[in-house]
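> Each chain is listed here by its residues.
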Amino acid sequence: MPWLSTLMGVSVLGALGVTLVRNDKLAKQFTLVVSLIVLALTVAMAVQFSPNGDKFQFAETYDWIPAFGVHYGVAVDGIALVLILLSAILVPIVVLASWHDAEAGKRSVRTYFSLLLVLEAMMIGVFAATDVFLFYVFFEAMLIPMYFMIGSYGGAQRSYAAVKFLLYSLFGGLLMLVAVIALYSIAGKGTFMFPDLVGTIQDVTTQKWLFLGFFIAFAIKAPLWPFHTWLPDAAAQAPAGAAVLLVGVLDKVGTYGMLRFCLELFPDAAKFFTPLVITLSVIGIVYGAIVAIGQTDMKRLIAYTSVSHFGFIAMGVFAMTTSAGAGATLYMVNHGFSTGALFLIAGFLIYRRGSQFIADYGGVQKVAPVLAGTFLVAGLSSLSLPGLSTFVSEFMVLTGTYQRYVVPAVIATVGVILAAIYILWMYQRMMNGPTAESVKSLPDLNAREKWVVAPLVALLLVFGFYPKPLLDVINPAVKDTLSSVSVTDPQPAVPVAQEGQ
Amino acid sequence: MEPAEIIQHSGGAIGAAWLMIALPLVGAAVLLLGGRRTDKFGHLLGVLMAVASFVVAALSFAQLLGFAPGERRRGIELYEFIPGLAKVGLLVDPLSISFCLLITFVGSLIHIYSIGYMAHDPNRRRFFAYLNLFVAAMLLLVLADNYVALFVGWEGVGLASYLLIGFWQHKPSAATAAKKAFIVNRVGDFGLLLGIFTIFATFHTLAFSDVLGNASKASSGTLTAIGLLLLVGACGKSAQLPLQSWLLDAMEGPTPVSALIHAATMVTAGVYLIVRSGPIFQGAETAQLVVTIVGVATLLAGAIIGTAKDDIKKALAGSTMSQIGYMVLAAGVGPVGYAFAIAHLITHGFFKADMFLGAGSVMHAMNDEVDMRKYGALRKVMPLTFWTFLIGYLAIIGFPLLSGYFTKDGIIEVAMEHNAILGWLAVIGAGITGFYMSRLVFMTFFGAKRWEPTAHPHESPAVMTVPLIVLSIGAIVLGWFLIMGNRFMTFLAPAVGAPEEMPAFHPFSVPGLATLALVAIGAAYAWMKYGRAEVPAVAPRGSFLTTFARRDLYGDALNEALFMRPGQWLTRLAVFFDNRGVDGLVNGLAAGIGGTSGRLRRVQTGFVRSYALSIFLGAAVLAGAWLVVGNL
Amino acid sequence: MGESITFWVLAVVSVVAALGLVFSRKAVYSALMLGVVMLSLAVLYAVQDAPFLAAVQIIVYTGAVMMLFLFVLMLVGVDSSDSLVETIRGQRFWAIVGGIGFAVLLALGIGNAIVGPTRGLATAVRDGNVPSLAELIFTRHVFAFEVTSALLITAALGAMVLAHRERTEAKPTQKELSRQRFVAFGKTGKNPAPLPGPGTYARHNAIDMPALLPDGSVSPLSVNRYIARYEESRGILPPEVARVLEEEAEQQRANGHGTPTTAERAADGGPDTEPMPEDGVVVGRVVGPRGESGGESRGGSVSEEDGK
Amino acid sequence: MTTHYLVLSALLFAIGGVGVLVRRNAIVVFMCVELMLNACNLAFVTFARQNGNLDGQLIAFFVMIVAAAEVVIGLAIIVTIFRTRRSASVDDASLLKY
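Protein chains in written order, with my numbering: chain A, 6 to 506; chain B, 256 to 887; chain C, 126 to 433; chain D, 67 to 164.
Calculated from the structure, these hints are not laboratory results.
Treat each hint with caution, since some may be false.
No farther apart than 25 angstroms at their CA atoms in a straight line, the calculated lysine-lysine pairs in the PhoX-like style are these [to be verified]:
1) A:Lys484 / B:Lys342
2) A:Lys473 / B:Lys342
3) B:Lys295 / A:Lys371
4) C:Lys300 / C:Lys312
5) C:Lys296 / C:Lys315
6) A:Lys445 / B:Lys426
7) A:Lys276 / A:Lys213
Predicted model only: the values in this text are computed from it and were never measured.
The task is simple: from the sequences and hints, build the whole structure.
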């Protein structure tokens, strides 16, 4: 069964179907059903994935533009699989959370939900693409639904944010396009298929240039310091649901791309640029956290925490140890859940109070304990509290990085302290203290909203204590990636008979 | 004597040791998820889970005693937590089971006490949920068989502490104190995490058995680094210098919390960590020295802070800091001190919990008044509270034959043998202890009434006094029971090792006598100043030293000046830089392109003729180019 | 030899005429100059063994196209000559630089392009120029030829469509027009009556003869300014007409109208004014169906046009 | 001799070009365009004789036809513009800018 095409096909057909439905309410329900079907199919696919089987599974390859060797080639390895799972899980949650988001303006509600489904198809496609050209197409095409979601349904400064987002990403994308074409012609294989291109570029100088073409695109997408400034604007202006998908999934394409393309296609260049990337990541971790502390707008704050977290992910990718790589991949998934929960609950708050500013809140815990409690859990996941899944990934990334790069890992660990400051200070200002007059009548979470938050919190907790199912899928893929970069983990100073571990 | 091998175990109470953690965890989950529906029976469920956990602990203890001393380290595999990094397993050995007993027993008593103490709080259910969560996390901390699981428990107790300090979160002071506690603890965690990373980088494993068993093979530099990093973690959790500042503020939490978390159990986790990682410290003398110095510094600092506080809970908190300083000092001495450290930890758990709960009882009676200058002459009104408190007081100052006498004097003697300077400093600390604890007791229970007009003190209900009685019994007998005949040291030896020669107990050694004398002088001085003399209702300005102590030795001021203000400044600078610098660059680029195109736009004058001119000139240039190229 | 003489004569003529086309101020002169160039080229075609083209050049270009130009000029205004002041900065300089440069480059390029002797058309034209051309047109290029016919028809239709004015409101009736005239009279004092005819005592009705009022004096309304200025320049302006114009000018000055009189303007002839700016008015009066009239309004319209 | 014709053609073409650029009256501009076309025709005719091939004359013929059509349409446009704007200056029709 062509699983991946089916997933995308269902989403696209669903998107078309939504536009045909006349009634807004029916359209929402329809979208929810479609996204749940996609989720069910994804889970069914994931169950059949064998972690120790072929690297790429569920492969489909068809000629697309034979003249240039462009294929419609999709397949997943462990890394892509978990990210597709993440997308498939987040979309129904976002649909449910965005139930009333699109109604505020005068824009069509159906279009919003249709765009969501189109976006889902593209998110699946971009992670599944094994043809570099197809990846590029999805990479760029993803911008369009997100552009409209921000630009048409966002906050007061939506058009500024949307244009900034689009131009910034397009700029990176174009650099990547040049690199993709150069890769094609220099490799001289007459194909864009990723597995055929691995290892074809041997010249180190060429590798460096091509690496930069890909890397800058991914660094903007991720976003890595100093290419991050589009994110706070975009995330703060986007409706909460779109912000979740933007930060939770779309940005992961950047770090995913680094892991998949930058490392495997250009191993020597990747090693050459590792100090630079690690430096940028570490700056991003500390800098993002410090700037987050100083924010007055909670959505911007969450966006800056993501800048910090993306620093961890990029650092994990480039530390090139098994546990850092696997940790970074796991981080991508967990960060999706964690930031998703934060954005959505912040969205609920904003929907109730009508303000994004932290100063407009106070003592919410008293009037809406469930809301405050879930917000705290989401916040704790953002500061990587053990017992929540983000801890596992952050711990793995830091452990793995520390093995090879001690000083960066130490500085990055400072982010752990800063994370506590930005989350808890925000929580204190918004939820604790005497109840502000303006929030005295805030209702607590309703049933729909509880259903939005519950799965996220449950996933955070379950993977916090039992991340093995994910890691079992991720680890072989990461090991495979690292072996194609030909690096091995550093050896311990004191070898210990490994009977217990 | 080296620690014994760990034997994989299944079956029996020890095999079910995970229940100790799981039961309170389930309790917490039910109470938190169940919401208002569980309001009615929430506190009972909480108590039940704590007691059940104690039962499991007691049964495990019994089973453990059934094994030969060399076989008393039992490992239980649970599941693979992070493949390649850590499995989760439990380690039931004399050290951890001692903690389990302390935590579950004192924990249960405090649960019971809280039924009465929190009776009128609308959120009592949530309180019990957090308490259960704390017990589960604390048990995970001590039962874990590797550093990752330990860290999970470590942060879990931090979370519970955060939630409980900020339990009355409508009070800004409570919310701030909670946040402060968490953040300062995070600074400690920073060190602990780095310690764990270094351990992993060195050994490629995080299991206690592998790491500690092979610690001697690592270089002493590595061990020193690990030891110091772990010490930073311990300082954070145990409120040792320089990360002590959170503990005094943490008294914003309900008093049972202060008793359980910030006196008896959680704050001693640092001592546990140091003792558990003993082989690492024993390979690193510098680290050990730093540990002892930190311990002594803190025991003096805590004692000095305790002398000046009028807030009964803060005075007790200063005393907690000081007592933990003793434990850290002992833990830094090495195997000979471990038993005293843990023994003092256990006795301290009893008498300090006893006193905190007594203080809670007093506050309960005095409309939550905490200022001792508004107490006085309470011994008649609250006899049970008074007598139990008095036992705790005598135990802590080291009154002969009470618990503190055995355990604290043991620490002083061990320290004295290790390093005379440290030993004498510890003796001085004991003297100060005698003064400030006496001051506390005299101000609260003796002297004249200085009550607020609205106060109508009364004895607390039985649900609160019974735990007090039980704890005070522990405070009387535990020290003698544990120390006499080196009973505890022998018991702990399989887990932490023991010195070649068991120290003998000298009741009338020089340091012992000196301690007693100093304590007596301190107590007498306190009687003169606060017992016999009139206590002013408003604190006198006092000398520089008093102000120094009152201001927590300027710890907060130092933190503020060194970290908070520069931090705020840095934050503002970073935000400004981000908006104007990084984003300014991006927007500047955009504006530059926009401006250039705006200027270039002017070329489109709308005059057909100027367009024609450009075409014509272009054609001319082309013709020229053609000519040039054609002639080349 | 004969060709050389023809060429050099016609080349000089055509270049001078082309320059005249570009630099003459009046469109009509330009048109005439263009005609000269075209005729010269027609002769050069004929000299170069292209009699058919020469004929077509004369018939189509000099005959049809030139007429079209002249007609349009009449529609737009024969006088619609440019001021030669350049308004776009640098335009003229760069145009001339570009033109000279282009001419030089082109001449150099084409001069170099010729290699070998002239072959002549003797072989290509076996049975005469026209039949040979016809053969080519109707055989090899027949498709292009048919397409040009389609093009011509399209052009004709297009011209009709473009030139056709759709009437968007009802044609004003005589009653409405007369009402408008009187409304205008009430507002501006514009004379509602038609312009005066030759007059009761007129001996001529020629355009250069002013109408006479019943008292025998000259009606200023009827003085043709263009002719008057012409006559003034020749010194044959009838004295009665001159008097009338002077009176009018004085009156205007007294009224505060800054507009200089015809005579003054002709006299100072500044660089940015046309020497004879009032031709348009004359044409307008002759051509304009509704005969806008009145000295003041004429003066006004003149100044407006000048200002452009 | 041929070269002379061509240089004349180039000269006329350049003069026409300058005329297009410097004159503002649309009709005169049009005339200049016609002059340029004629200059081209001269070159075509000259090349026809030079190369002994009638195709050059044929092209000149087509150019004339197309020029005629162009003039018709162009002048119609000028008339239409003049009708609405009362001006035949190409500079006045400059709304399509910036």
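> Are the Cα positions of A:Lys445 and B:Lys426 separated by 25 angstroms at most?
16 angstroms, holds
> Sort out whether C:Lys315 lies within 25 angstroms of C:Lys296, counting only the CA atoms.
23 angstroms, holds
> Is C:Lys300 close enough to C:Lys312, meaning Cα to Cα at most 25 angstroms?
18 angstroms, holds
> Between the alpha carbons of A:Lys484 and B:Lys342, is the straight-line distance 25 angstroms or under?
20 angstroms, holds
> Is the straight-line distance between the alpha-carbon of B:Lys295 and that of A:Lys371 25 angstroms or less?
20 angstroms, holds
> For A:Lys473 and B:Lys342, compute the direct alpha-carbon distance and say whether it is at most 25 angstroms.
10 angstroms, holds
> Need the status of pair A:Lys276, A:Lys213: alpha-carbon distance at most 25 angstroms?
Status holds; Cα separation ~10 angstroms.
Checked against the numbered hints given earlier, the structure satisfies every one of them.
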